[in-house]
Every structure is written in structure tokens, then in C-alpha cells.
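Undergrad: Be aware that the sequence shown starts at 113, since it is given in our numbering, and climbs by one per residue.
Hints were generated in silico from the structure; no laboratory data involved.
Heads up, a few of these hints could be off.
Result set (EDC-like, lysine to aspartate or glutamate): computed pairs, CA atoms no more than 20 Å apart in a straight line [claimed, not checked]:
1. K399 / D439
2. K200 / E313
3. K311 / E638
4. K213 / D161
5. K213 / E225
6. K224 / E254
7. K224 / D665
8. K645 / E749
9. K346 / E447
10. K356 / E394
11. K346 / E443
12. K265 / D288
13. K199 / D145
14. K200 / E240
15. K769 / E749
16. K224 / E176
17. K645 / E693
18. K429 / E349
19. K769 / D701
20. K311 / E438
21. K337 / D439
22. K760 / D719
23. K311 / E330
24. K311 / E404
25. K337 / E438
Remember, it's a predicted structure, so these values are computed and weren't measured experimentally.
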Amino acid sequence: MTSILIIAGFLFSACSSIEEKTDQQSKASYHPDVLASFVVTIPEPIVQDSRLSIEFVNPINAHELNPIYIEMQMLDDRHYQLDYPAKKGMMLQYRYVMTGKNNNVEINSDGKELASRFFFITDHSRIEDTVLGFRSSVAIGETGQIEGTLRLKGSGQSVSDAIITSDGISTTSSFDGRFRLQGIPAGIQNVTIFSPDGKFEPFQQQAVIDPNFVTPIEIELIPKKFINVTFIVKCPENTPASAKLRLFGNLNLLGDSFAGLFGGTSLSQNRAPELSRQSTTEFLIIKQLPVETEIHYLYSLGDSFWNRETSRNGTMKNRTIFTGTEDMVIEDTIESWNTLNYQPITFMFTPPASTSQDERIQIQLNAFGWMDPLEMWPSDNGVFKFVLFSPLNFSAPISYRFCRNEICGTKEIGSQSDQVFSFQAGSSSQTIDVPVGVWATWMPSTEPTIVSTEETSKREIGFNTIVEYSDAYRPSYLIYMENSLNAISGLNANTVILPMSFTFRSAQPVWLDIVPGQNPTLNDLELMIAKAKEKGFHVYLRACTHYPTNPDDFWSMLTQNPNGWDQWFSSIFEFYRSAAEFAESNQVDGIIFGDEDVSPVFFGSTDSSSHIGKLPVDIQQKCNDLFSNIRLSFSREMLLAVNLKDIKTAQIFPLEKSDGLYILNLGQISSDSRDTNTYSANISNILENSIKPIFDEYGKKIWIGLDFPSIDTGYLGCVNFFNDCMVPSVLDFPALLQPELTISLKEQSDLYNAALPEINRREWISGVSTRRYILVGNNQDQSSSIRGKPAADVIWYWYSTMLGIPTQ
Numbered sequence: 113m114t115s116i117l118i119i120a121g122f123l124f125s126a127c128s129s130i131e132e133k134t135d136q137q138s139k140a141s142y143h144p145d146v147l148a149s150f151v152v153t154i155p156e157p158i159v160q161d162s163r164l165s166i167e168f169v170n171p172i173n174a175h176e177l178n179p180i181y182i183e184m185q186m187l188d189d190r191h192y193q194l195d196y197p198a199k200k201g202m203m204l205q206y207r208y209v210m211t212g213k214n215n216n217v218e219i220n221s222d223g224k225e226l227a228s229r230f231f232f233i234t235d236h237s238r239i240e241d242t243v244l245g246f247r248s249s250v251a252i253g254e255t256g257q258i259e260g261t262l263r264l265k266g267s268g269q270s271v272s273d274a275i276i277t278s279d280g281i282s283t284t285s286s287f288d289g290r291f292r293l294q295g296i297p298a299g300i301q302n303v304t305i306f307s308p309d310g311k312f313e314p315f316q317q318q319a320v321i322d323p324n325f326v327t328p329i330e331i332e333l334i335p336k337k338f339i340n341v342t343f344i345v346k347c348p349e350n351t352p353a354s355a356k357l358r359l360f361g362n363l364n365l366l367g368d369s370f371a372g373l374f375g376g377t378s379l380s381q382n383r384a385p386e387l388s389r390q391s392t393t394e395f396l397i398i399k400q401l402p403v404e405t406e407i408h409y410l411y412s413l414g415d416s417f418w419n420r421e422t423s424r425n426g427t428m429k430n431r432t433i434f435t436g437t438e439d440m441v442i443e444d445t446i447e448s449w450n451t452l453n454y455q456p457i458t459f460m461f462t463p464p465a466s467t468s469q470d471e472r473i474q475i476q477l478n479a480f481g482w483m484d485p486l487e488m489w490p491s492d493n494g495v496f497k498f499v500l501f502s503p504l505n506f507s508a509p510i511s512y513r514f515c516r517n518e519i520c521g522t523k524e525i526g527s528q529s530d531q532v533f534s535f536q537a538g539s540s541s542q543t544i545d546v547p548v549g550v551w552a553t554w555m556p557s558t559e560p561t562i563v564s565t566e567e568t569s570k571r572e573i574g575f576n577t578i579v580e581y582s583d584a585y586r587p588s589y590l591i592y593m594e595n596s597l598n599a600i601s602g603l604n605a606n607t608v609i610l611p612m613s614f615t616f617r618s619a620q621p622v623w624l625d626i627v628p629g630q631n632p633t634l635n636d637l638e639l640m641i642a643k644a645k646e647k648g649f650h651v652y653l654r655a656c657t658h659y660p661t662n663p664d665d666f667w668s669m670l671t672q673n674p675n676g677w678d679q680w681f682s683s684i685f686e687f688y689r690s691a692a693e694f695a696e697s698n699q700v701d702g703i704i705f706g707d708e709d710v711s712p713v714f715f716g717s718t719d720s721s722s723h724i725g726k727l728p729v730d731i732q733q734k735c736n737d738l739f740s741n742i743r744l745s746f747s748r749e750m751l752l753a754v755n756l757k758d759i760k761t762a763q764i765f766p767l768e769k770s771d772g773l774y775i776l777n778l779g780q781i782s783s784d785s786r787d788t789n790t791y792s793a794n795i796s797n798i799l800e801n802s803i804k805p806i807f808d809e810y811g812k813k814i815w816i817g818l819d820f821p822s823i824d825t826g827y828l829g830c831v832n833f834f835n836d837c838m839v840p841s842v843l844d845f846p847a848l849l850q851p852e853l854t855i856s857l858k859e860q861s862d863l864y865n866a867a868l869p870e871i872n873r874r875e876w877i878s879g880v881s882t883r884r885y886i887l888v889g890n891n892q893d894q895s896s897s898i899r900g901k902p903a904a905d906v907i908w909y910w911y912s913t914m915l916g917i918p919t920q
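Could you build the full structure based on these sequences and the hints that come with them?
TA: Spelled out as C-alpha cells, the structure:
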């Protein structure tokens, strides 16, 4: 292990200010021009007829759709240079691209396309970078690791959700301020640390990265103050009266998720603040922004690609301000919304009658693939309107369809064929009235749901009727949280489980980390917890793992020897400890550790279908030590999650420090389709013969999770897909419908009708959970979510009965 080497005076940069303009900088700080000198080393000479260029990755542009390349000057066949003007105080994003007939972006040590490098400008700077390879090649060169802890100067408080980046590899800090970066090229590398919301001053230094070693770094960050910035905006006369104007910028509180979304943008319409209309063409918003910070921003009637403001000559327009130390007033005038030589298109859409009043109606456009849906604007008589101004200069027709809460697609009434429309703009304006269809995956049933009932008394105080959210996450989902909690309240659930996920980014060495856009940020989780508490729910977190691709790929690559298992347990411990400390700080009722993929490890499963190879000989000691140490960080209820099949083949039960088990599923209910009575008998056998013996031996709390996908083979306990028995999570929204699988809402309802009475009859069971609940809205898809499906009626009846709430 080596120590960090701080090299003073070498803070370097890169910048692009294409079409940027500041209308007004009231009391802004002075930011002089400086020079950024790039020097880059590539692993081998570039191919013939190609050039080496820098692509400046502006966070408020969909840079993959609008790339900007600047050719570099060759020093020799492996070294290139570029001098570029910048401004002191800029946070720059860039990457290297081999341009020519085919553009090849640089790659990281895993062979994946590098998203961007970061650099913070403090003065004239010399930037020395090392490229490992390009998309068409294999990464060359030795790499090392950086790990450390971030704290605020003065208070010593841990800093979470900070972004740490070096040589194009990025991560975020966990709740305890810890972070790890892997795959950093050996040599002297720049380390940049900044806050997505500008809560502290950017930190930047250089570190010596030794190959195959860990470079430790302990950083104290200086907190920033915030000021009120008032944006007063004058819009063009043709701004629609019902339109919503949003402010997009390079901070999280201005819609930047810092996640790789479609087209290279990181800005989400659902997270961007909406301005208040003061008159027909005047809008206003007041935002608290960090002092002395570079703010890139734009105004839009859509997102950062569609309907963003343009200049009079029709080009996309960006704005920049540097905030000062006192409150500011920014007065901006939007020149135009239009595409030069093209007239806007107005879409008029009447949603199907099944649409709920609280659902967001959206239009989704397909210019380069289906892009993020855009919110439409309510008009008269239940009609929704959207005027598309820009960009419109496409050579081919653009496809579009309609969505509700990001659940996209309608079907023709009668034929039930998918409705996908198209348009092509021209010199004349168009108004398109879209024929009414039905939502593709939502049609309320006109028939009453059959529910198995019986005379029973309510359960004892403390019984948990639970809804567990799906762990599929996108930054745009947070806006739907409150409506989903209202729907859960309508089920008479008293407990919600919120997934807290980390992703295994690497197997050699093991790297378990938050991936923005795939795992919820801690800030998002805090907001979810607060909303659930406001609604009166008991709140539990479930710490679960994700994988970049198939979990089997990770486990096949993991070196399952003592060193490999030590790395795995160390990574799991760091994740679980951080989750426990986060849960303790937010005073949730409990935390659940585990998921379908780690369950075989924690319980020493010998199940032959498991993807786990040879477990370590000291597996029991490792698991006991893991949960004993985690218990030191959490004082409330702690459960372990386990697959039913792992209970049947378990060699160990590390329950000494836990309060109980969360059974993730009931396994295979039947080998073929049967009636409810047969399912009930089989479930009774599972409960009595596989689960109750564990309760009898250990006396711990038992929660039962119900995970029945809405397919005609839901009784199998898994998704039989291409001769592979897969975890039902593969069907979680936003997964596409699989034509090989047949949707059956009745089969799911039958399984709930069989399971819930059997669970209710057993006093030793203290909670029941419906799993994988979709956050965004009603969706009659193939997933295990019951939202909008007949099984929700079954849940409502039995949750009401269990809690003693009248059902008549």
C-alpha cells in the first residue's frame, strides 16, 4: 500500500463554451481567462486516416447526439497536445476520441466506453492524461486503486453522495464518506472531487498510482454557503399558454442526475425545477445556489434536447453564470423556440378513459431510439397538448407514442395492435389530433375479483402487512413516490420496504459501489423515507446487490479462493455497514440484509442450481463475523433475506445477531397449473415443513415474501425463460414484455388467494409482503408487481382482515 503524493501547483483543465451566453451577471464574482494545455499519451499509434481529438462533454447537452470534437496537434505518434482557452472556476468534462471514418471513444480498464473526465480550473493549467485504449482496441497498461474518506473541514462530518473521479473513472461516496476507485492507470493521476449540488468547494490534487496497489487518501472538504438567485425570464410571444417552462443546469437541484441517460445527457425533465408564470410571456423562479460556482443552464419547454431555447438563427443555446457571494437577480430573454425554416407541430391527445387524474400524460419521441418521455400540457375537455418547436430538421420521419407515468404505448380499440405514429416537419405548421386508443398495459377490469375468504380474527399488534418496492431504479422515478404511497395506503399495508442497492462493478478485484442512474442516491433514499414516514408507514430498508449484466457472469469471474472470498466479504461488509449507519441516522424501523444472489453464501447453500461455486471452508465464521460487526452500527430490527431453496439446503444459519428472517419467495408451488385448493395445500406443506422448523429452532421473527409473476407459469417460483429458471426481477418494469411468456393476471391472483389464508392461519408468521411493487403507476405487465392488477384486491381484503379493518 502506498500513500498519496500531493503535488502543488498542478491544477489543470479543459473547456468548451460553444454558444454560451450570459445575459446578466448581477454581483457575480470575477473569473479571468486562463489557458488549459492538454498533453495526452496514447498506448499505440492511431490507425491510418484517423486523428486524435478532444470531445468536450457539456453536461446540459445531449453530447452523443451533438458531439463537438477539436483536433489535437501531434507531438509524436504517441503524444498529442492542445492549448485551449478556459475560465478560472470552470468544472470541465471531456474525453479523447479517435476521429475519422469511424469515431472511437477512449475506454477504461474494463474495456467500456469512458463517459468523461473531469477537471476543475483554478489557474493556467497543464493537463497530462493517459489513454488506455479506444473502443476498437483492447485496454493496455497497468492499473491501481484509490480509496479514502471524505469529511467536512471543521465539523468532521462524513460527506456522502460526493463525486470522486480520476482518469475518467468515477464513483460516489457512501454514507460514511468512504469511496473506492478501481482501474486507474498507473502513474501520476489527477483526482477531482465535487458535490452534485455544489455543497462544498471542489477539491483537486494529483496522486501517484502504483500498479496493483491501493493509494489511500483522506480529504477534508470546505463547505460552501448558498445564496438566493432569482431568474426572471422573458419568453417569445408564441410560447403556448399551457406550456411549462423548466430550468435545466449542471447541478442536481437543476435536474442534473449525473447519470448516463439517453443520448449522453444527464438531465432529467422530472427533476428540473418548473418556473412560475407571471404573465403571458414572463416567468420567475428563485433557487438557492452555491456561491462562487459556475452554472451552465438553459430554459426549455421540454427537456435538454427537445424544445430547448434557440438563438434567432435556430441553433441550440446555452447560458453560463458564475455566482457571487450575495443574492443575485438574473434577467434573461429567450430569443426563440423555433427551428430555422421549420414550423412547429401541435399534438392533441385524449387519454383513454381508464387514465387516472393523478397520472402524468407524456409523449415519447424516437429520433435515435426511444428517448425520455416529455410531459404534455392539460388543455380543454380532458385533451392534452404538446407543441414541438425544435429540433425539427430531420431528414426522415420521427416516430412517437404516448405514455402515462413513463409507461409507454397504446393499442387500437378492437384490433389491439400497437399504436406508433410518425411525423415530418416542414415550412407549414401542423396540428395532429391523435385517435383515442387504450393503454397497452392498463385496462381496469369490469369483472369483480374473486377472493378466498374465511372467518378469522385480526392478528396481534405488531403484525406487518408489507409492500416491498421493486429495486429497478431510474432518476426520474422519484416524482411518482407520493402517488405510489397513496396507492399502498389504499391496500391497508402498514409497512414499506425500500431497496437500497449497490452494484458489483468488477469481480477481479471485487468492486461493489453506487452507480448513478442504476442505484438510488442517498439523497433520494432520504426523501423516500421521509415521504413514507409522513404517510404513517413503518419503514424498512433492504440492502441488495445489482450486477452490470447477468449475476452468473460476475460469479463465474469471481476468483473463488481464500483471497477472492476475502475481497467479496470485505466489499459486502463496507456496503452493509454504510447501509446500517444510513438506516440508523434516518431512524427507520429496520433493515434487511440480502437478496436472491447472496442468499446462497450467507446460508451455505448446497443447492445445485446455485451460481455459487465452492464456498470458503470458514463460511460460518465469516458470516457470523459479518453480521456481528454490522449489528454494532444498527440498534433497531435487523432481518436476513433468504431464498426458500437455500433454507432447504442450508449448512449454516447466521441468526445470532439478527431478529429474524425475510423469506424472499415460496419457491415452486406446483409443477403445473392447478386450482387454488391444490395451491393452498402445497403452500401449507411448504410453510409447515420448510419454514416452521426454522422458527421452532431459533424462535426468530418470520416474514413471508410473495413473489408471483403475472404469467401463466407463475406457480414455478421463477421465470422459465430460454430453458433457464430466472429470478422474477427480470420482468420488473421497465423490462419489455416477453412474447415467449403469456400474461396471466388470474394466475397471479389465484396464487395470492392460495397463499394469504395459509399465512394468516399461522400465528408464528409475523409479517407478509407483496414484492416488486412498481413505483410509477398501474401496470398490467408480466412482473410480480400487483399494482393495477386483480391480485391487489386480494391483498386489500387480506391486509384489511389481518389488521381488523372492516371490508364491507
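Undergrad: Does each hint fit the structure? Answer for all of them.
TA: Going down the list of hints, with the structure as the test:
1. The straight-line distance between the Cα atoms of K399 and D439 is roughly 10 Å, inside the 20 Å bound, and the hint therefore holds.
2. Annotation: proposed proximity of K200 to E313 holds, straight-line Cα distance about 14 Å (limit 20 Å).
3. Proximity of K311 to E638 is assessed by CA-CA distance (about 17 Å); at most 20 Å being required, the pair is judged to hold.
4. Note on K213 and D161: the hinted pairing holds, with a Cα-Cα distance of about 8 Å set against a maximum of 20 Å.
5. Taking the CA atoms of K213 and E225, the gap is about 18 Å. The hint holds against a cut of 20 Å.
6. Simply put, K224 and E254 have alpha-carbon atoms about 16 Å apart, close enough for the 20 Å limit, and the pair holds.
7. This hinted pair checks out: K224 and D665 have alpha carbons roughly 16 Å apart, not beyond 20 Å.
8. The suggested pairing of K645 with E749 holds, with an alpha-carbon distance near 17 Å, which does not exceed 20 Å.
9. At most 20 Å may separate the alpha-carbon atoms for a hinted pair to count; K346 and E447 meet this at roughly 9 Å.
10. Taking the CA atoms of K356 and E394, the gap is about 12 Å. The hint holds against a cut of 20 Å.
11. For the suggested pair K346 and E443, the alpha carbons sit about 8 Å apart, so the restraint of at most 20 Å is met.
12. With a C-alpha separation of about 15 Å, the suggested pair K265 and D288 falls inside the 20 Å cut-off, and the hint holds.
13. Between K199 and D145, the direct Cα distance comes to roughly 4 Å. Compliance with the 20 Å bound is thereby established for this hinted pair.
14. Only pairs whose Cα atoms come within 20 Å are accepted, and K200 paired with E240 is accepted, the gap being roughly 18 Å.
15. For the given pair, K769 sits about 10 Å from E749 by alpha-carbon distance, which is consistent with the 20 Å threshold.
16. Distance hint between K224 and E176 is fulfilled; the C-alpha atoms sit about 16 Å from each other, no more than 20 Å.
17. The straight-line distance between the Cα atoms of K645 and E693 is roughly 18 Å, inside the 20 Å bound, and the hint therefore holds.
18. Proposed proximity of K429 and E349 is supported: the alpha carbons are some 18 Å apart, at most 20 Å.
19. Straight-line distance between C-alpha atoms of K769 and D701 comes to about 16 Å, which keeps the hinted pair within the 20 Å bound.
20. Straight-line distance between C-alpha atoms of K311 and E438 comes to about 16 Å, which keeps the hinted pair within the 20 Å bound.
21. Of the supplied pair hints, the one linking K337 and D439 holds, its CA atoms being roughly 11 Å apart against a limit of 20 Å.
22. With a CA separation close to 8 Å, the supplied pair K760 and D719 stays within the 20 Å bound.
23. For the hint linking K311 to E330, the alpha-carbon distance of about 18 Å falls within 20 Å, and the restraint holds.
24. The straight-line distance between the Cα atoms of K311 and E404 is roughly 11 Å, inside the 20 Å bound, and the hint therefore holds.
25. Between K337 and E438 the alpha-carbon distance is near 10 Å, which keeps this suggested pair within the 20 Å criterion.
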